[in-house]
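S.K.: Take a look at the letters that make up each chain.
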Amino acid sequence: MSAEGVPTPNGVALRVRHLYVRARDRTILTDISIDIPDKEVTAVIGPSGCGKTTFIRSLNRMTETTQGLTVQGSVLYRGQEIYSPSVAPVLVRQRIGMVFQRPTVFPISVYENVAFGLRLEHQPEDRIEQEVQHSLVRAGVWEEVKNDLDRPALSLSGGQQQRICIARALAVRPRILLMDEPTASLDPVSTQRVEATLEELSQEISIVMVTHSIAQAARASTRTAYLYQGRLIEEGSTEELFERPKQKLTEEYVTGRFG
Amino acid sequence: MTAGAEGLGEEAPALTYASVSGRTRRRLIFDRFIPWLLPLAFVVVLFPLFDMIFWVAQKAVPTFTLATLTETQVGFGGGLYSMILGTLVLIAIGTAIATGIGMAAGFYTAEYAPRPVATFGRLAGNILAGVPAIVLGYFGYYLLVLYTNWGFTTLAGGIVLGIFMTPYVYRTTDLALTSVPPTQREAALAMGARPRQYLLRIAFPIALPTVLTGIFFAMALGLGEAAPIVYTAGWSSTPITGLMQPTSFLTGAIWLFYDLPPSEGTLLTLAFQAAFLLILIVLGLNVIVQLLSDRFRRRLQGLFE
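Chain order of the listed sequences is A and B. Heads up: the first sequence begins at 1 in my numbering, then just goes up one per residue. Heads up: the second sequence begins at 260 in my numbering, then just goes up one per residue.
If you're looking for bench data, these hints aren't it; they were derived computationally from the structure. Note that this is a predicted model, so its numbers are computed, not measured. Treat each hint with caution, since some may be false.
Some chain B residues near chain A, calculated using beta-carbon distances under 8 Å [as the list claims (entries may be wrong)]:
1) T442
2) Q443
3) A446
4) L448
5) R453
6) Q456
7) L458
8) L459
9) I465
10) P468
11) L471
12) P505
13) D518
14) L551
15) S552
16) R556
Computed footprint of chain B on chain A, listed as stretches where at least three residues anywhere in the stretch have a Cβ under 8 Å from a Cβ of chain B [stated by the list, open to error]:
17) 53–65
18) 93–100
19) 110–124
20) 145–155
21) 220–229
Virtual Cβ for every residue (Gly too), placed ideally from N, Cα, C.
My request is simple: use the sequences and hints to build the entire structure.
M.R.: Given below as structure tokens:
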């Protein structure tokens with residue numbers, strides 16, 4: 001499917017069509033088609049091993065950094081096929097950022113962590129300074145670290161580190177932020193802060209969040225997609241999916257009968 | 260034995276040494292000695308080291324003066340100047356070669372090489388590190404002294420020393436880079452960093468302390484070697500003025516002067532003083548390594564959980 005120039009409707013951040021991801025010996029994702037809406041939080045839920053993580057990694061071509069994975073199908077980002085041979089994965093990842101399950105701050109200062117992506121783009125120092133502050137504010141961690149910008153980021157608490165990672169991802173002004181269980185390693189208070197941050201961010205950008213916690217999906221997302229054994233079983237507004245699931249599998253999962 | 264205090268009507272549990280016998284008892288008693296045996300082994304290892312340092316210092320220190328460092332050995336007198344100079348130049352050439360080639364090869368192995376190539380490289384590095392220094396010396400002699408028609412030169416000595424030191428730098432660079440947590444690479448790539456940018460901005464700074472440790476370690480080993488340079492750098496009592504001349508060096512002084520016929524007197528003293536000086540330098544290098552790794556470890560705390 002050559003998709004360059006195919007228009008994506010307004011309000012759709014990413015249009016995924018017939019996406020397959022295969023490892024050497026098995027198929028991880030089978031025929032996924034979904035529209036990721038703009039300026040909303042989309043939760044991706046499903047039992048362990050269902051392909052949630054692989055799915056969001058395929059949305060900014062991080063799948064390529066794992067050896068042995070092949071991707072087939074189409075992911076359109078604002079009308080552009082990100083898997084087109086003429087597209088540079090590096091540029092895709094600058095626009096579609098990612099935050100991981102465990103905080104992955106670099107062993108440098110808080111300031112330099114957030115400035116990392118801007119330095120890759122050779123931004124001028126005064127712009128970097130502005131952007132670092134702005135990103136820390138957006139990530140909801142500015143008040144806590146504003147006096148410690150020169151401290152090693154590794155000396156902060158886990159919750160703060162994770163929000164530094166969010167700030168770092170935000171600093172390059174991505175349109176979409178992919179998050180792989182961003183609160184899995186955090187305590188309830190930090191989790192709450194991150195969720196509040198997500199809600200605020202979703203006024204400006206789209207967020208796709210993998211989560212293990214059905215409760216978190218219900219709390220923090222407006223759209224939910226349910227994956228099971230590499231297939232998209234159901235997707236829709238979070239409210240609807242939780243209260244009136246169309247599929248039996250979905251109902252069993254969201255009511256906690258398995259998974 | 261009769262019922263326990265709890266009145267369960269069972270035999271009291273066997274808790275004392277006397278209550279068990281045979282192998283169980285012997286093992287229990289042996290276990291109690293382990294904490295004493297281990298420190299004993301420690302002392303057995305350390306005693307020869309301190310004995311040797313003391314022995315060398317005893318012979319070297321009384322006559323060790325500034326002149327020992329600044330004067331050239333002439334006949335049975337003088338100091339170590341030409342040997343210190345030679346050793347410094349040799350180790351400088353060796354370090355330059357080992358750092359350049361070892362680090363580049365380490366980068367390649369850890370980050371770019373396909374897996375079979377990396378495995379082969381690591382194996383080759385280990386073999387090279389295990390080649391007896393004397394073999395390298397002969398190799399250098401045939402290649403750099405005879406084949407090139409250079410004769411004995413400081414350059415040849417430095418090159419062979421570099422070959423000797425390279426595997427240590429190579430292995431530590433590779434190890435340091437491969438032990439950087441993979442999440443760091445993921446995070447950098449997810450930020451839109453190119454692999455080279457990840458390598459230079461994130462991985463290398465993390466690996467640097469280990470790499471530096473490897474370099475200093477290789478220098479300490481290289482400083483103590485005589486075999487690779489005896490057959491390549493030759494010997495010359497006068498201080499060198501160029502790389503294409505033979506040179507004297509500290510380990511050579513120990514090797515040559517210790518067994519020479521008039522080995523009482525000044526030349527024997529010079530051998531001890533050279534040994535003493537080498538011990539000091541190696542000690543200094545080790546202290547530097549320790550300080551560096553302590554400092555960096557504090558900076559990287561929490562990364563390698």
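S.K.: Each hint should be assessed against the structure and marked as holding or not.
M.R.: Evaluated hints:
A distance limit of 8 Å between C-beta atoms decides the matter here; for T442 of chain B the minimum to chain A is near 5 Å, and the interface restraint holds. Nearest Cβ of chain A to the Cβ of Q443 of chain B: about 6 Å, under the 8 Å cut. The hint holds. A distance limit of 8 Å between C-beta atoms decides the matter here; for A446 of chain B the minimum to chain A is near 4 Å, and the interface restraint holds. Because the beta carbon of L448 of chain B sits about 5 Å from the nearest beta carbon in chain A, less than 8 Å, this interface hint is met.
About 6 Å separates the beta-carbon of R453 of chain B from the nearest beta-carbon of chain A, less than 8 Å, and the hint is met. Interface restraint check for Q456 of chain B: the shortest CB-CB distance to chain A comes to about 6 Å, inside 8 Å, so the restraint holds. At a threshold of 8 Å, the smallest CB-CB gap from L458 of chain B to chain A is about 13 Å, leaving the interface hint violated. Using the Cβ-Cβ criterion of 8 Å, the hint placing L459 of chain B at the interface with chain A is not satisfied: the shortest such distance is roughly 11 Å.
For I465 of chain B, the shortest C-beta to C-beta distance to chain A is roughly 6 Å, which falls under 8 Å, so the interface hint holds. Given hint, P468 of chain B at the interface with chain A, is violated; its Cβ is 11 Å from that chain's nearest Cβ, farther than 8 Å. A distance limit of 8 Å between C-beta atoms decides the matter here; for L471 of chain B the minimum to chain A is near 16 Å, and the interface restraint is violated. Because the closest C-beta pair between P505 of chain B and chain A is about 47 Å apart, greater than 8 Å, the hint is violated.
Taking 8 Å as the C-beta contact cut-off toward chain A, the hint placing D518 of chain B at the interface is violated, the least distance being around 52 Å. Residue-level restraint check for L551 of chain B is violated (minimum Cβ-Cβ distance to chain A is 15 Å; threshold 8 Å). Given the 8 Å rule on beta carbons, the hint for S552 of chain B is violated: about 15 Å separates it from the nearest Cβ of chain A. Using the Cβ-Cβ criterion of 8 Å, the hint placing R556 of chain B at the interface with chain A is not satisfied: the shortest such distance is roughly 11 Å.
Figure legend: the region 53–65 of chain A, annotated as covered by chain B; annotation consistent (3 residues with Cβ-Cβ distances under 8 Å, at least 3 required). Given a C-beta distance limit of less than 8 Å, the hint that chain B covers the region 93–100 of chain A holds, as 5 residues qualify and 3 suffice. A stretch counts as covered by a chain when three or more of its residues have a beta carbon under 8 Å from one of that chain; for the region 110–124 of chain A and chain B the count is 4, and the coverage holds. Requiring three or more residues with a Cβ within less than 8 Å of a Cβ of chain B, the coverage given for the region 145–155 of chain A holds, as 3 such residues are present.
By the rule of at least three residues with a Cβ nearer than 8 Å to a Cβ of chain B, the coverage given for the region 220–229 of chain A is violated, with 0 such residues.
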